[in-house]
Amino acid sequence: MEAPLFTYTLRLADNALVLGHRLSEWCGHGPMLEEDLALANMALDCIGQARNFYTYAGEMEGKGRSEDDLAYLRDCADFTNILLVERPRGDFAFTILRQFLYSAFMHPFFEQLSASKDERLAAIAAKAEKEMAYHLRHSAEWVIRLGDGTEGSAARLSEALADLWPFTGEMFEVDAAERALIEAGVAVDPASIRPLWLETVDRVFADALITRPKDVWMQSGGRRGEHSEHLGHLLADLQFMQRAYPGSVW
Amino acid sequence: MYAQALNVAEQATHDDPEKLARFQARIDAEEKIEPNDWMPEGYRRTLVRQVSQHAHSEIVGMLPEGNWITRAPSLKRKAALLAKVQDEGGHGLYLYSAAETLGVSREELVEQLHSGKAKYSSIFNYPTPSWADMGMIGWLVDGAAIMNQIPLCRTSFGPYARAMIRICKEESFHQRQGYEIVMTLARGTPAQKKMAQESLNRWWWPALMMFGPSDAASQHSDQNMKWKIKRFSNDALRQKFIDATVPQGHFLGLTFPDPDLKFNEATGHWDHGEIDWAEFNRVVKGEGPCNRERIKARIKAHEDGAWVREAALAFAAKRAARKAAAKIAAE
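So the protein sequences, as listed, match chains A and B.
Counting with our numbering, you get residues 1 to 250 for the letters of the first sequence.
Counting with our numbering, you get residues 1001 to 1331 for the letters of the second sequence.
Since the hints were derived computationally from the structure, they do not count as laboratory data.
No residue lacks a Cβ here, since even glycine has one placed at the ideal position from N, Cα and C.
Keep in mind that the hints are not guaranteed to be accurate.
Unchecked claim - So the derived label-pair ranges between C-beta atoms look like this:
# : chain 1 : residue 1 : chain 2 : residue 2 : range
1 : B       : A1324     : A       : I182      : 47 to 55 angstroms
2 : A       : F240      : B       : D1215     : 42 to 50 angstroms
3 : B       : E1293     : A       : E141      : 29 to 37 angstroms
Taking the hints into account, I'd like the entire structure generated from these sequences.
See below:
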């Protein structure tokens, strides 16, 4: 079995990489030039976070795996990101609402992780926390604009919410390995973030004139390597060069 | 990135000769012309066209490189490529703003791009099937663009000149980054070397075409030179580019796809073979390998985003109305 801290760090890296990849798909195709730049900014933040976490995970593992080995040479079953981030980018309402739901969680999460007893995780989180504050502000503003914009934009936002909501539960899951890290003061207990997350969601949704769905079954599996059909296609794109030309330096 | 290839001077307009003389005196004295200054209509129109073509080139130029963002071969390359394409979007933004100071809106300019009325640099009508193309675009295309753009930092219209100073700094960085990608390939495995060579074979001639028709065939440069919108001839800039680039390629062990390329001891320059101007004209006219798909991709992004822009406007209007209502209620 892998060391808990390695698994924990890898999950953080996989979430950031897969979401960063999805955001990067918008580059050159955004709804307006300013938003094209903003989406690229958020993608760059996520990819940067992924690189930091992968590098640390590789060092901790001690088998000489680099950030690129971890990103490019693992298959679906070894990826541990939550299902939320691998959903295809959808329309702008989907992308921006996902960014909101994710950053409303990750901002307080990184804030807490920056006080981790593990210094490396704390340092990476301290930088990421500032980035997520921007993602949260930017995406929340858009959720409100779309919800309280036109009839069409409100309908798209509601549709995106119905699609995304069942994937939000996985953010709060904790397994035995993670429980031990939480108790050791290394990892963040997601349960402690839930009230704040709900408060943020409700506050922004109130302005966006939408309500959060109640009592839906929460999908789960990504953290254990059980993924949707979409991740394989994402990896086919992401990993193509490394798979086609193994062992090359780029 | 930009090619001056498409710049065509305006026909003479009927401006007040006295104002025209004063304007020319300012240009001759190297004074910058600012948006609120008097300027001949031809000068304004030439600039609107040139600056907007430049802006469009940045925006369309995001597409061929955007093609590799999701497939970049390492996380470092992925982040660098994404940041580079984002920079190009940023350049488009400053340049549209510079064009707007001349009294034309971004919406109008974008509409001209989509309708085919406005041109953009033809280089972006070539495809990027290989990762090596990301290196080649940086090294050759951005390299050629810098040759054109350094003189534009001193162009007579102030907002354009100032935008170019910032853009040139970023482009030089992109050019070095591109060369470094090519260098890594050239020093890599046989498959990587082959990738680099194959890409150079495809990009070399289109890069030379970026400087536009040869001086003998270009009839419209004189007025632009006199107004100091343009400062060097197409051929002079092209030669400068070739002289700088050929040794860089040879240093990497790459071969240029021009059997007539040789160093001329007498002139101190690299002589080159005949450029295929028929190809150039064909691609400018719209019959390049990607002309139709590039414009369609831009139109699709614009149309797909229409509902987002409408929602933002509707929200802004509602918020303004609510603020006004609250103010009345408070009074």
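For each hint, the structure was consulted:
no. : hint                                 : verdict
1   : B:A1324 / A:I182: 47 to 55 angstroms : holds (51 angstroms)
2   : A:F240 / B:D1215: 42 to 50 angstroms : holds (44 angstroms)
3   : B:E1293 / A:E141: 29 to 37 angstroms : holds (33 angstroms)
Of the numbered hints listed earlier, not one is contradicted by the structure.
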